[in-house]
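**Q** Sequence:
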Amino acid sequence: MKRYIIVIGLVILSAFGLLISDRVSDPATEGKITGFSANDIPFDDGTGIMLKWKPLHKSNRIIQYNVYRGVHPDSLFFLSHLEVDPKMGVLSDELFFYDKDYPTLIDFETAPGKLKREKQQTPDSPLFRGVPREPSVLAKLIDRYSVLGVISSNAFYKHSKKIVSADSSFAAGLKVNQFEYLLANVLPQQKYYYTVLGVNERGQLLPFADVQEVSPVDNRPDPTAISHPVMLTDKNELRLEWGPPNAASDIYMWEGWLMPKSNLAAFEQAQLADMNADPMQDSSPLWKGGAIQIFQSPNQYISTNYYETVSLPAGIALENYSFVLGYMDYNGFYAYSLGRPIATALSTNLPTLPGFEVLDKRNDKGDNLLISIGKPIVFITQASYANQKHNRLRINYELADNEAYDVDRIRFVFSADGQDLGTVYEYFLDQIIHLKIPQGRKLEDITVKIAVKTNKDKDFGEELIQHVEYDQANRRFSGNRMELAGQRLNKLYYDLMIANRLNPIFTPGNRMGGLSRSYDHSIAYEDMLYKGLSGYDSKTRRFKLDPFVVVAADTATGAPISVPLYKDEWTKQIVELKDTIKQLEASVATATEPSVKDSLSAVLAQNQMLIDFATKHPVALKADNRGGYRWLKTFLAERDLNSRSQAYQLIATNGKGLYQISEPYTKDGSQWFYPKNEWFDDTKWITLIGSIILILLVVYSILTVRRRDPYIRPIAGLVELDNAVGRATEMGRPVMFVPGWGTLGDPCTISAMMILSQIAKKTAEFDIRLISPHVDYFVVPVAQEIVKTSYSEVGRPDSYNQNDIFFVSDVQFAFSAAVNGITIRDRVATIFYMGYFNAEALLMTETGNQTGAIQIAASDAITQIPFFITTCDYTLIGEEFYAASAYLSKNPDIVSMLKAQDYFKLLIVLVVTIGTILSTLNMTGFVNSFPVE
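Residue numbers (numbering that gives the first Met the number 0): 0 to 932.
Quick caveat, the hints were computed from the structure, so don't treat them as lab data. As the structure is a prediction and not an experimental result, all values here were calculated from the model. Hints should not be assumed to be uniformly reliable.
[To be verified] Here are the simulated lysine-lysine pairs, BS3-like style, with alpha carbons at most 25 Å apart:
{"no.": "1", "residue 1": "Lys161", "residue 2": "Lys655"}
{"no.": "2", "residue 1": "Lys190", "residue 2": "Lys174"}
{"no.": "3", "residue 1": "Lys441", "residue 2": "Lys157"}
{"no.": "4", "residue 1": "Lys260", "residue 2": "Lys566"}
{"no.": "5", "residue 1": "Lys31", "residue 2": "Lys118"}
{"no.": "6", "residue 1": "Lys139", "residue 2": "Lys57"}
{"no.": "7", "residue 1": "Lys51", "residue 2": "Lys161"}
{"no.": "8", "residue 1": "Lys683", "residue 2": "Lys666"}
{"no.": "9", "residue 1": "Lys113", "residue 2": "Lys31"}
{"no.": "10", "residue 1": "Lys388", "residue 2": "Lys455"}
{"no.": "11", "residue 1": "Lys452", "residue 2": "Lys441"}
{"no.": "12", "residue 1": "Lys157", "residue 2": "Lys787"}
{"no.": "13", "residue 1": "Lys581", "residue 2": "Lys99"}
{"no.": "14", "residue 1": "Lys435", "residue 2": "Lys448"}
{"no.": "15", "residue 1": "Lys787", "residue 2": "Lys889"}
{"no.": "16", "residue 1": "Lys161", "residue 2": "Lys139"}
{"no.": "17", "residue 1": "Lys530", "residue 2": "Lys632"}
{"no.": "18", "residue 1": "Lys161", "residue 2": "Lys787"}
{"no.": "19", "residue 1": "Lys190", "residue 2": "Lys160"}
{"no.": "20", "residue 1": "Lys364", "residue 2": "Lys139"}
{"no.": "21", "residue 1": "Lys51", "residue 2": "Lys99"}
{"no.": "22", "residue 1": "Lys174", "residue 2": "Lys490"}
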């Protein structure tokens with residue numbers, strides 16, 4: 000019988016093994032990502048790769064996906080990672096990663112020093128950790144990527160070394176450790192290899208996906224640009240506003256066409272034909288028959304908004320035409336986008352340009368300019384009934400402020416159905432007002448006229464008219480249409496156009512809503528430079544960079560003027576320029592072909608501009624008298640002036656082609672503005688005055704205390720200090736001092752240590768043991784030294800035991816448990832809790848209460864004061880804690896500080912009282928003069 004049972008058991012086990020054998024996957028492929036592909040990003044300039052894969056099931060507990068990239072299939076370096084939630088997993092069916100816009104190649108803080116294979120990989124695995132800091136490895140990658148070095152300006156200008164090549168050309172050389180980061184982007188037509196793997200929450204790297212090869216390609220631009228044409232009939236002028244297509248960084252030229260509407264079918268046919276065709280194919284001739292090209296202009300900047308104004312010849316019936324926006328990239332590939340239907344308007348319908356001004360921003364480091372667009376305005380965001388009788392409205396408003404103006408008061412005039420509801424004046428800007436309305440009055444639509452009075456005005460400014468409508472679903476009023484000077488502000492936008500002296504072309508793109516009253520333009524100091532790496536010099540082990548710095552621009556043509564980093568090369572360049580100019584002058588004089596003569600004249604003008612700068616510009620003349628870095632520093636000062644000097648224009652637009660562009664803002668005959676830094680924050684005058692008053696009060700208190708003993712109110716907990724320590728002496732039990740959670744820099748810790756000094760003197764005098772457990776090990780040596788000094792001062796250094804002042808734990812309840820254990824085991828007679836405490840306070844004090852110990856607590860932790868009061872014999876509340884050291888020591892210097900603080904508090908009470916009275920009388924100037932933190 001036993002034999003049959005054994006046989007049957009073996010059969011069952013075998014069958015079970017066969018059943019589960021199919022479910023056990025190969026460890027080499029378990030967790031391997033499937034559906035992984037690498038493709039060129041469409042419609043770009045050939046500098047982007049899109050990775051796509053199917054995420055693993057959430058049962059794998061994946062915390063991140065690592066992406067690897069390389070130029071050979073046998074060596075892929077860690078590129079980046081995507082973090083995911085291990086519990087939720089990835090909800091979508093696919094994950095995407097885009098390798099574009101210069102991801103980090105090397106972060107020198109985390110990159111390995113030498114070539115290291117990725118963790119948990121076999122010797123033949125192609126995966127490596129990040130690209131190492133080893134120059135020989137980096138040198139092999141420079142030609143396969145577009146590499147940018149991120150360098151501090153100080154390192155580049157001061158510590159770069161000149162590298163001269165065999166052809167006498169030179170470059171600036173930097174060692175690899177002088178870079179902050181290296182960024183690398185893929186190049187068109189190059190082969191790259193990618194893979195991806197999952198990392199689970201145990202840190203285990205799962206098998207990587209099959210390596211994919213891909214080559215980025217420069218594609219035709221995306222034909223999705225959105226354009227808005229508006230015809231001003233009284234001016235016969237077509238105004239165009241458009242947003243560029245996606246991946247529009249390589250647009251070289253824009254052009255506009257008026258296409259007969261009869262050609263729409265041909266246009267759609269051409270678009271379909273070009274969609275998947277070779278980028279060189281251009282099917283536009285299918286619809287250009289009868290089309291009129293109205294403009295063609297180079298793309299001079301990268302922006303999110305573009306504008307063009309075209310004067311049309313008379314006789315064009317625009318109702319028969321559609322607008323087509325065309326654009327060409329740097330490779331000569333064209334794309335076309337059909338614009339919105341051509342709208343018509345009059346010049347009187349154009350948005351009104353606000354009067355704006357450029358101001359230096361107050362109280363900054365010299366890195367901001369303030370664009371003031373107008374005086375502050377106020378608008379209502381919502382309103383609701385404040386009671387069940389519906390006779391009182393609680394109204395919330397927002398202030399679109401402008402720091403160039405200080406708001407004095409606001410006036411709200413409410414009306415409904417032509418009947419006045421009331422007027423509210425707001426003096427203290429807390430963004431809430433209340434309006435009483437007649438009992439039983441049902442309101443659906445309220446009209447509000449809002450006016451603001453600034454400190455610069457004698458009366459209220461122009462009124463903003465807003466309509467506030469009742470939302471039945473949410474049972475509240477919401478602000479809607481806003482009109483100022485006849486313009487709908489919530490359908491108006493401002494585009495700020497900015498230029499600087501190194502690039503004098505105005506560039507739009509800083510778009511603001513019509514409610515904006517100011518714009519802070521941040522103009523950073525030159526700190527980090529982004530320089531392309533052009534090669535590697537194996538002799539000096541330095542990477543080559545462009546050695547020229549743009550320091551100015553030609554005032555006539557806007558052409559940049561560059562100087563090398565090294566004075567000897569600058570001198571050599573001037574000599575060569577003079578020789579070149581002589582040769583060009585001779586060539587121009589003998590040239591007979593007009594086209595050849597024009598091209599030679601253009602080159603001659605460019606060289607003459609450079610020689611004029613070198614021989615006539617004040618900066619160049621000043622630099623000639625200097626050598627070394629001082630020579631370069633002179634040009635860098637000019638570069639800073641030119642790069643950070645800004646000019647501004649403002650565009651008012653409805654976002655759909657109806658716009659106006661202002662002239663460049665000028666002041667004192669100049670359109671250039673340079674930010675300045677301030678030495679003192681003028682909003683802190685009150686702080687300075689208060690500090691001076693406090694210093695005077697301290698000096699007065701010191702002189703007073705030295706002449707007579709000041710009165711300090713008795714504090715019950717401190718009066719009983721002698722009795723508490725004396726009771727411990729009578730019982731022959733120790734005293735414990737618990738300092739709480741403060742660190743060395745906290746005021747509560749400093750105060751606790753000063754109190755510990757006084758308590759230690761008492762325990763030394765009575766020859767009783769003092770125990771002090773600590774939660775911060777940095778405080779322990781300070782406490783030990785304080786207690787040791789106190790014991791020595793009373794002549795009992797022999798009674799000091801360093802082991803009684805010790806570190807316990809920095810874990811909250813572990814510390815609490817240790818203190819409770821000491822209280823019970825050592826039968827502590829008196830306990831002092833001095834410092835900042837959290838939830839453990841009740842546990843410790845209740846234990847001490849149960850053992851019958853006298854407990855005195857002092858803390859600035861407001862939430863724990865109630866527990867100290869209920870469980871301790873005496874509790875020092877708030878300021879009593881900080882006054883304890885002065886009360887116990889009677890030190891004149893400490894007591895004088897305490898008295899000075901009391902005098903200053905009386906002054907604060909007086910100031911608050913005056914401010915309250917003045918604010919009640921709607922005189923807010925006094926309150927507003929204080930800084931707001």
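**Q** Next step is simple, just say for each hint if it's right about the structure.
**A** We went through each hint and held it up to the structure:
no. : hint             : result
1   : Lys161 to Lys655 : 53 Å, violated
2   : Lys190 to Lys174 : 28 Å, violated
3   : Lys441 to Lys157 : 75 Å, violated
4   : Lys260 to Lys566 : 63 Å, violated
5   : Lys31 to Lys118  : 16 Å, holds
6   : Lys139 to Lys57  : 40 Å, violated
7   : Lys51 to Lys161  : 45 Å, violated
8   : Lys683 to Lys666 : 29 Å, violated
9   : Lys113 to Lys31  : 28 Å, violated
10  : Lys388 to Lys455 : 41 Å, violated
11  : Lys452 to Lys441 : 31 Å, violated
12  : Lys157 to Lys787 : 53 Å, violated
13  : Lys581 to Lys99  : 47 Å, violated
14  : Lys435 to Lys448 : 17 Å, holds
15  : Lys787 to Lys889 : 20 Å, holds
16  : Lys161 to Lys139 : 22 Å, holds
17  : Lys530 to Lys632 : 19 Å, holds
18  : Lys161 to Lys787 : 62 Å, violated
19  : Lys190 to Lys160 : 34 Å, violated
20  : Lys364 to Lys139 : 43 Å, violated
21  : Lys51 to Lys99   : 14 Å, holds
22  : Lys174 to Lys490 : 54 Å, violated
Checked against the numbered hints above, the structure violates hints 1, 2, 3, 4, 6, 7, 8, 9, 10, 11, 12, 13, 18, 19, 20, 22; every other hint is satisfied.
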